[in-house]
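Trainee: So the protein lines, in turn, are chains A and B. All letters in the first sequence, in the order written, are residues 1 to 237 by our numbering. All letters in the second sequence, in the order written, are residues 238 to 474 by our numbering.
No lab work stands behind these hints, which were simulated from the structure alone. Note that CB positions come from ideal geometry on N, CA and C, so glycine has one too. One thing to keep in mind: the hints can contain errors.
Covered by chain B, per the in silico footprint, the following chain A stretches (three or more residues, Cβ under 8 angstroms) [said to hold, decoys possible]: (1) 119-126; (2) 130-144; (3) 219-225.
Protein chains: 2
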Amino acid sequence: MADRFFTSDLSTATATLSGPEAHHALHVLRLIVGDDIRLFDGAGTTVTGVVESAGRRDVEVTIKTRSFAERRAEGRVIVAAAPPKGDRLKWMVEKLTELGVDEYIPLRTHRSVVDAAKWKPDKLQATIIAAAKQCARDWLMDIAEPIEFAALISDVQPGHSLHIAHPYAVTSQQQSAALGSAHSHMVLIGPEGGFTDDEVELAVSAAAAPLEWPGTILRVETAAIMAAVMLRNLSVS
Amino acid sequence: MADRFFTSDLSTATATLSGPEAHHALHVLRLIVGDDIRLFDGAGTTVTGVVESAGRRDVEVTIKTRSFAERRAEGRVIVAAAPPKGDRLKWMVEKLTELGVDEYIPLRTHRSVVDAAKWKPDKLQATIIAAAKQCARDWLMDIAEPIEFAALISDVQPGHSLHIAHPYAVTSQQQSAALGSAHSHMVLIGPEGGFTDDEVELAVSAAAAPLEWPGTILRVETAAIMAAVMLRNLSVS
Chain A
1 MADRFFTSDL STATATLSGP EAHHALHVLR LIVGDDIRLF DGAGTTVTGV VESAGRRDVE
61 VTIKTRSFAE RRAEGRVIVA AAPPKGDRLK WMVEKLTELG VDEYIPLRTH RSVVDAAKWK
121 PDKLQATIIA AAKQCARDWL MDIAEPIEFA ALISDVQPGH SLHIAHPYAV TSQQQSAALG
181 SAHSHMVLIG PEGGFTDDEV ELAVSAAAAP LEWPGTILRV ETAAIMAAVM LRNLSVS
Chain B
238 MADRFFTSDL STATATLSGP EAHHALHVLR LIVGDDIRLF DGAGTTVTGV VESAGRRDVE
298 VTIKTRSFAE RRAEGRVIVA AAPPKGDRLK WMVEKLTELG VDEYIPLRTH RSVVDAAKWK
358 PDKLQATIIA AAKQCARDWL MDIAEPIEFA ALISDVQPGH SLHIAHPYAV TSQQQSAALG
418 SAHSHMVLIG PEGGFTDDEV ELAVSAAAAP LEWPGTILRV ETAAIMAAVM LRNLSVS
């Protein structure tokens, strides 16, 4: 499959590539005027077009055909996890994107803060775009604003089935059995030091079902990926 | 839980930490003579002991108590994947270790070679040890010698259930239904360019069942992690 290039605006008859996308088109794939090209906007629209002009830093494209993929309405998967540090956050975001997770919610918990000065969603956006290109996703994974754990729990929507990845979370079997039919699956993943007992209690009182994993203790990003695989698998079965 | 330190030899009444393990004990946790310490050998044995002497680069430990965990005999999970490049290999090995995979087999396929000069299992061993410490595993994940795809297939043992992560692999439902009871689960994961048609045919003729993933195209390391989650989950259910 030919490479797709990302641009956030495909609303008019022409489109512009800039930044790393233009660099890739011009200096890696060496596209020139008249070449065919495919673009996507990460919001369902993919187009084919022709390179109209190729500058040093920008590529102008005339759009020829358009297609639109609806966003998944059922079986959405949302991962709410305390952000791991450094490269582990970037890696987690890349893998969640590849695995088809719909939204990542950075969680502030008792044992983890999200430092506003160091929280750089723009950098993560580049990772999400690259991963979406890699795995041919039509919709980018959303990243929410960081949110307090208690605020998230109090705002869970009807139709969301809630899960918690925590070794000692105990809930009833009835709750776990309700997995298949939900509109959305949201999983809660604590920080390195784990959720506090109060946080677990709060989640359980909101009917969060435990996602169990045999034997080993998982890092935040590993638990997030494990949960994404299990919930994506549930949501299509 | 207190940190555990790795040493490959716990066969006698004393043990020695060296290299990064000694560094961690001496310069990060600042252990001194008389401190309690826990060691493990990655082959089932965990001991408690006391720091007997602390040099600049080595720590001598007198062992007090021993415990032994048998290796899992049923439901073993083996991932045979073409090694991804650079950091992706290291990351894959870390995550497979955390997820409890028993063995990783580096695969040579038609579209991927494993460069013998660049194949450094020793470096991966450090990653496996660190991950085993992190997730409290008693047994290290094994890394096999790189093997040709055809040689692996011709040598599949009875009791192994074989799986293939490939978008277009088609096998009978009967094969897929046999998942739960196997002694070991082995999954085959191709290189960046995918398995060739011949390779897929060979795997299917050996009764490999497809592991399906909805929608997106996964990188090698992502497919390996996805497969590990799904097979570990199958093997305990």
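Trainee: Would you pick out the hints that fail for this structure and give their numbers low to high?
Mentor: 1
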